[in-house]
Every structure is written in C-alpha cells, then in structure tokens.
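So the sequence shown is residues 1 to 635, counted in UniProt numbering.
Where hints are given, some of them may not hold.
[As the list claims (entries may be wrong)] Below, computed lysine-lysine pairings styled on DSBU-like, alpha-carbon distance capped at 35 Å:
(1) Lys602 <-> Lys376
(2) Lys86 <-> Lys227
(3) Lys53 <-> Lys376
(4) Lys188 <-> Lys227
(5) Lys76 <-> Lys42
(6) Lys162 <-> Lys86
(7) Lys227 <-> Lys312
(8) Lys104 <-> Lys114
(9) Lys445 <-> Lys44
(10) Lys492 <-> Lys539
(11) Lys507 <-> Lys570
(12) Lys276 <-> Lys264
(13) Lys53 <-> Lys312
(14) Lys109 <-> Lys178
(15) Lys510 <-> Lys445
Calculated directly from the structure, the hints in this document are not laboratory data.
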Amino acid sequence: MIYKNENQLINIIKFTPPIFIITISLFITFFLYLDKQNELEKEKFFIRSEFIKNNKETAKQEIENLYNFIINSQEKTEEKLKENIKNRVYEAHSIATRIYNENKNLKSKDEIKKMIKDALVDIRFNNGSGYFFIYSFDYECILLPINRKLEGTSFYNFKEGKGEYLTRNIIAQLKNEKEGFLSWWFNKPDDLENQYKKIGFNMHFEPYDWFIGTGEYFVDFEEIIKKEVLDYVSKLNKDKNNYFFILDYDKNTLLHIIPDLINKPAIDVTNIENHKIFDEMIEIAKLGEGFLTYNHKPINSDFFSTKTSYIKGLNNWQWVIGKGFYQDDVNTIINNKTIALNDKFHKKVINLISIALILTSLLLIISIYVSKILEKKFINYKREINKYIEENSKQQHILSQQSKMAAMGEMIGNIAHQWRQPLSVITTVASGMKLQKEFNTLDDKTFNDSIDNITNSAQYLSKTIDDFRNFFRTDKNESIFSINECLDKVIKLTAAQFKNNEIIFIKNLKDFNILGLENEFIQALINILNNAKDALLEKDGIRVIIISTYEENHKAFIKIEDNAGGIDEKIIDKIFEPYFTTKHQSKGTGIGLYMTEKIITKHMNGAIEIKNSEITYKEITYKGTEVLIELPTNL
C-alpha cells in the first residue's frame, strides 16, 4: 500500500490545478461584469462629451465658412456691380453702333439718332432699376428714360448730391479715357431725403460725339447679392434637423428650413419653446459670436429637445447667422455602444469559460497521468527497497538500485523545485489581478497578459514532469532552434515573478541557431535566472539582470549577469555539486545548478562557467555574478 502522505500528494497533483483554474475563472467573470458596467458609464460620459464637443466644433466651423463666404461676396459686390453695368453699357454701345452702321448711308442723322434712342429707351435691368442714358459732349441730355421732359436740355451746371458737376466730370474723363467708371451721390426715387452712392459707367459714342452710360445704386445691387447669398445657403440645407438659419436684427426670418417661415417675423416660428431666444441670438450676434443652448422641437417631432447653436453676427448687413445640433442625438450612439460593450462582454465570458474548460481538462489529464507515474514510482521505490533488504547478498545489484534511487530522488526534488516557482507565479498573478480590479486599474492588456502568464505557467508545470522523466533517456530527439525564440520563452515564463520583484531585464541579443534539446535548455536557463532572482531578493536597491548573446569562432555564447553582489569565493567552485546550496532547505535543494550543468555539458555539448564580475547600469558599477554558456552553433 501507498502511505497516506503519498496519497495526499497524488491527490494534490491531480485536483489542485483544475480547481484553481475554475475558481480563478469565476472571479474573473464577476470582475469582468463589474468592469463592463464601469466601462459603460465612462463610455457614456465620454461619448456625450465628445459628441457635444465635436458637434460644437463642426457647427462653428461651418458658420465660419459661411461667414467668410458672405464677407467675400460683400467684398466683391462693387466689383460685380461694375462688371454688370460695364457689360450693359457695352451692349447699349453695340446696339447704337450697329444701328448707325446699318443706316448711315440710308437715313438722315436725326432719323438714326431717333432709332438709337427708341432702341434703348425701354431697356431695363437689375430688377428694373437699371436704364441707359445718353448725353452729348456739349452737355445736352439726349436720352433720360426716367424723365423724358429733360431731354434736349443742358446739364452743364447739373450737380450730384455732394455738389460735384457730374456731367462735366464724366465728359472730362471720357475725353482722356474713352470709357470709365465714376461714382456720385444721389437721392433714390423712394427716398428724397438721403443721399445714396451710385456707381456709373460711361462710354464715348464717337459718330455723334455722345456718351452712353448707366448707373446703379450700390445698396440696390447689394440687395441682389443678399438674395444670391440666401439662395446659395438655402441649397446647403438638405438635412431637416441640421440646417443654417438667418434672421435680421429686426427679428425677421430671412432663411429657414421651413419655406413658409421665410420673410416672416421670427414670432411665427412655433417649434421653439421660448421666443426670447431670438433676443439672445441678436445680442450674441451684435457682440460677435457664441454658443446658445435652448429647447427646440425637431422637424416631424412632437417633443422638445435640447439644441445647441453657434451664432455669429454680420453687423454691416445686420444679420444673425446660425447652425445647431440636437444633443439628444447622442443617445443613439450611446445605445449602439451599450450593445457593442454587452457583445464584447459576452464574448469575453464565453472565451474565458472555453479556455477554463480546456485548461481544466488538460490539467486534469496531465495530473492523472503524473499521479499514475508517481504512484508507479512510489511502488517501484518500495519494491526496490524491499528487494534491497531481502537480497542484501547481491551487492552489485544493490549498488545499481541505489543509483537508480538517487536519480529518481533528483527527479522528484527537481519537480518540487521547478513547480514551486510557477505555482507561485500563478498565485501572484491572480492576486495581482484581483488587487488591480479592486482599484479599477485592470485593463484589457494587463488582463490578457496575466491570463497568458497563468496559462504559460500551467503549461510549464505540465511539461516539467515529462521533461525530467525523459532527462536520462537516450532516445531524445535533438532539433535546431533559435536562441532568441528560446530566450523569449524563458522570459515569458519568468516575466511575472521578475516584474513583481522589480527586477529589470536588459537584453543585448543577436540571433543564431543551436542544435540541441530546446526544452532542457529552457529549464537550464530558468534555473540560472531563478538563482539570480533569489540572490537579488536578498539585496536592496536596483535589481538588474543583463542577458547578452554573441558569436565568436563558430561558437555561440550566452552571458547572464546580475548585480546581486557576487558569490563567496570560498564556495564558488562547489556550486555545480549535487545538493550543494547556500539557501535554506525550504528555498532550494541544490539540484538546480547541478542539473543545469549536466544539461549544457552532456546534452548540449557545451560548457558553463560562473564567476564574480562587475556590471555598469546607468553609470553606476555594481558587483555581481556572470554566467557564461558556450555552445556550438548550427552552421
């Protein structure tokens, strides 16, 4: 029979990993749910803030673009007006020239003059305000469509609104330039009290020494530009709930998404909760620009929503231009985000459960397998002991059995030594995750990295038994493997424990291939790093491990250095002896470096050397230990 403590050890190996994985999975699922709820609230707040911020920036930018367009249109008003009247005078001059050329040899001068006047007298343009006039260079009025009674009279002493002799100035200009623009001031027919700027263009008609011209009030043409601007902006309003609006300082609606409200008092707008908002808009416009939040009813909706608009004033036209957005639109985005987060959470839980089931099954199978092996080993061990007692006379056979027992003891001791650290990693990582979760610092990357560490450590546990069980077998298969990939596996297995103990890794690696037993070599490197870690934990301050790889003379070298203070020179020659250790019995068996030396020299055909050295980190020199491994490279 197997002793009670042996049964307990087998049961621990068999059931502890699956129970641990299941427990961790339940804890992680619970914390994932809490994290999901917390993340959702943060996302809601962030989405709402970003939505308002981005829409404010968009509304402001679009209003600024529209404002710049209007300013540009204003700046080009006089230019457009001049171009307009110049083209009109060119047309009139062309008509007069054609009539003259077609009839100069057929009709009398008076008949031709009458034909020209008749051709131009009824022509109107610019919404009916534009007309042509003709004067002779003798200051006689030839054609004045708006007051035919003045035709034939002299305009030599005619003064415009500012007191300038207008006819004299035009003739003086045309004698030098043949054509040109001229500005003057005059009353409008519907306003005889105020003077308005008028821009004219005149052109010399040489056959009769006339000048043909026209003039347009600047404010009248500006109204045409305003209408063009409003027509242009109305074409931009395609979204019924995302549109430009314009009103004047008298609170008349000049532009709106609802056509029936255009050119109506703002009081007629019924989808706004408080009409005092229009006074606030005008006040903001007069001051320059700004945001305004108010309750507004979207098109095709019966309920008021919060709307934020950007308002900007166009003071020379006394316009308020604005565009806004509904803050409630963010709810759709939040609902979509909530669905996405729920889906993400469910996928995480399903993945976690799947991984837990796979790991549990795998560990259970490995545990049963290992327990069977150990059970057989224990039975064989007892059987050999009994046989040794019974067959004391067979000394040679006894010595052989003792050798086997020693090897078996080494294997069991190594298993215990190698399992202690991965199990500690699993416990430490799990505790760290729980602590980070309690402080809401567990992010997806840390979570995934921690799960990977647990998984890798568990897989390492499962591999350890087979690796050590096969250690002395002669049928192991060698392979060519990359030293960098091998070191990555080592660092991945040990990263969590080194990180938790604030040990800094520095890597100076050059990749090359090695022929040998990769798994055993990984174990050897882990043994070295664990010894360095244990030594570093006994010192205060910065803890550093430097790993370097290089090639010389067709040989590969792996150098591992630490700043733990070094090894006593009295015992440094004994560190590769079996069971030799400077640690307490609870921390080591003395098998680690012995096995490491055997793996590198016997199974890797290499050499290993350990000596005290000095390393420099951040311009500070420390005493420490250097482990140098020499291996043949695969050429």
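Do the hints match the structure? See the list:
1. Lys602 <-> Lys376: Status holds; Cα separation ~28 Å.
2. Lys86 <-> Lys227: holds (21 Å)
3. Lys53 <-> Lys376: Violated, at roughly 71 Å.
4. Lys188 <-> Lys227: Given that 35 Å is the threshold and the Cα spacing comes to 20 Å, the pair holds.
5. Lys76 <-> Lys42: violated (50 Å)
6. Lys162 <-> Lys86: Holds, at roughly 24 Å.
7. Lys227 <-> Lys312: holds (19 Å)
8. Lys104 <-> Lys114: Status holds; Cα separation ~13 Å.
9. Lys445 <-> Lys44: holds (22 Å)
10. Lys492 <-> Lys539: Answer holds: lysine 492 to lysine 539 is near 24 Å, not above 35 Å.
11. Lys507 <-> Lys570: holds (31 Å)
12. Lys276 <-> Lys264: holds (17 Å)
13. Lys53 <-> Lys312: holds (18 Å)
14. Lys109 <-> Lys178: holds (22 Å)
15. Lys510 <-> Lys445: holds (28 Å)
In terms of the numbered hints stated before, the structure departs from hints 3 and 5, listed from lowest to highest.
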